[in-house]
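Start from the sequences and build out the full structure, keeping to the hints where you can.
2 protein chains.
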Amino acid sequence: MNLDHLPYGSAMIDGRRVALVRLDDEHAAQLNGPLFADGSLDALLAAGRDTWATTRAEIRQAVERESLPVVNLADVALVLPFTVADYVDFYASEQHATNVGRMFRPDGDALTPNWKHLPIGYHGRSGTVVVSGTDIKRPQGQARGAEGAITFGPSQRLDIEAEVGFVVGTGSTLGSPVSVRAFSEHVFGICLLNDWSARDIQAWEYVPLGPFLGKSFATSVSAWVTPLSALNFAWTAPPERDPKPLPYLDDGDATCGLDLQLEVRLNGDVISRPPFATMYWTGAQMLAHMTVNGASLRTGDLFASGTVSGPERDQFGSMLELSWGGRDPIALSDGSTRTFLLDGDEVTITATAPGPNGPITLGDVSGRIV
Amino acid sequence: MNLDHLPYGSAMIDGRRVALVRLDDEHAAQLNGPLFADGSLDALLAAGRDTWATTRAEIRQAVERESLPVVNLADVALVLPFTVADYVDFYASEQHATNVGRMFRPDGDALTPNWKHLPIGYHGRSGTVVVSGTDIKRPQGQARGAEGAITFGPSQRLDIEAEVGFVVGTGSTLGSPVSVRAFSEHVFGICLLNDWSARDIQAWEYVPLGPFLGKSFATSVSAWVTPLSALNFAWTAPPERDPKPLPYLDDGDATCGLDLQLEVRLNGDVISRPPFATMYWTGAQMLAHMTVNGASLRTGDLFASGTVSGPERDQFGSMLELSWGGRDPIALSDGSTRTFLLDGDEVTITATAPGPNGPITLGDVSGRIV
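These protein sequences, in sequence, are chains L and Z. Adding 22 to a residue's 1-based position in the first sequence gives its number in our numbering. Adding 22 to a residue's 1-based position in the second sequence gives its number in our numbering.
Hints are computed from structural coordinates only; laboratory data are not their basis. Among these hints, one or two may not hold up.
Which copy is meant is left open, because identical chains are indistinguishable; a pair holds if it fits in one copy or across any two.
Using 30 Å as the maximum straight-line C-alpha spacing, the simulated DSS-like pairs for lysine-lysine come out as follows [as the list claims (entries may be wrong)]: (1) Lys159 <-> Lys138; (2) Lys138 <-> Lys266; (3) Lys159 <-> Lys266.
Here's what the structure looks like:
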């Protein structure tokens, strides 16, 4: 039992929704009291930073005193732990954006001219965010074949994107930007996220208004939300930014990066180990950018980093990159190979973060293609 | 008093939220009963098509019997009538897409290759959808100046987009596409919508993932939702589609277009009269496309048509088009001119639809720049 972590979740137990903190891989403690009356984390998220701290201290004491009912995680069905308000997906890994640019625009610059000036992002579909463990139905849609003919049918290039999601607790007022320094006042915690992507649908639809059906069929998040207060030992310096960001994006000397080590497993085989510390834009910068135009935040807003890809080939966070657009199949231990996902494939993303007494293990996010 | 229309809204009266139907320009009747207990339209939307019909018949009878409390609209503050779940914005006017393509890609084809194959759309920010009458704060953000220098400050090219929004009542299951023929089973009604747009912010940010901060600062919707049942005389044949849409987008011989006549007023002057009947893609096609990948619908989902622009110059639905990118200033009756919006400017979009006893007037959507 690692009391340094205690991530929050939600489960159906005997037909009733119950809020939980995870104690170890197999056990969780039930949370009671007014903040958890509906079994979700919504009221806790809305309560603000001071309450996050006091509630956490109380829960930790109660766990130490063993005064909370313990459930066996094998016996319960974990559900989406909070109500997702708006979902935004960024594109904050320089290596990922470079890889995609090289593949899709081989004759141009890999990065678009705006990329190092602002964290590029777009809104996704919050109604199709699902909890880890939910089966993912292969989407159908339009695509354009190699000879330019329009095709319709199940996606032939179904992919993953290994990402980290930031969960907003405290909202903000319309018309009032949120500064980089207000990050920990608004963001409650993080989760792991798999932004399932149908590359063939996406490639045909995305000009000029961006990804739509290629992404909107499902986005999986981990069942456990790790509060920022469990990540005090995980902050690290982000990469040097050149050119220097505009003042509203300047995180100064702050250690705004997060040293999370992700792993992507396909049918049990580790196919990638993306290092989150390499992300060019930090969560604080994403938050400041998302609100600089006056857009307000709501409790439950979820914003994700975009695919996490490190500089090495075995650190890429999507199969598009790992197979270099399908050119280089990925070898699995059963002797088979993959370029994109086959029906029945199961993808699990895990991550660890430095903690005061050794690494903590974030809740994983997994899904099987059906 | 026109009983053919009876659009639904919501207001704060004596500190309490109350659901209403509008009787005429100055009066509304209060709605009571369990469906309207929270003062919003949320429960009615979720109740489904049969309940929409029976409730409407009951309300009409009650209005005729004068058994509902009547309020003077001058005395109440109208609020957002339903909880917006996901907000999607389409790009369904051929004239608008052609105009924008000519301005932004003068050396290429005006329409992108996908435009006539699918209704292009993207997700917007549902948390910043505001009710008509809400002041619009000019957004700040990054842009790229004429010489390529990055600038930061208030948008200098603040614009409108005159649109029609479709309000989803009945949700759908993840993994199950909704057909064009199920439109009236899922869509409760329509509203007018102004998709405020900061063209300078949008131009710099939108490649490759689409509009983000250029749109997310505010989207205004009319305070009144017109149910489809008030639009029985407004259906019309959409324009001929060439090439023939794929089967899932084929609305056959159906009269799936809507003959709405919009008007855009700037500080009281009519600057455009966009005809909604010219829209290339219909609401039923947007709905079918949005869900063909298996994406689910939720009660309160809002999807908008995109800017409504007719073939004539005085039918364009944005100032970008009316001023042709700022080249041709728009003359106002006070002797001033506009290319984009100035502080203090007020924009109001109105619309009429054919009814059984003459045209009905949709609830307008207005906002002032501050």
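Evaluated hints:
1. Lys159 <-> Lys138: Between copies, since 27 Å is at most 30 Å while 36 Å is not.
2. Lys138 <-> Lys266: within (9 Å within a copy, 42 Å between copies)
3. Lys159 <-> Lys266: between (43 Å within a copy, 28 Å between copies)
Hint compliance for this structure: every hint is met.
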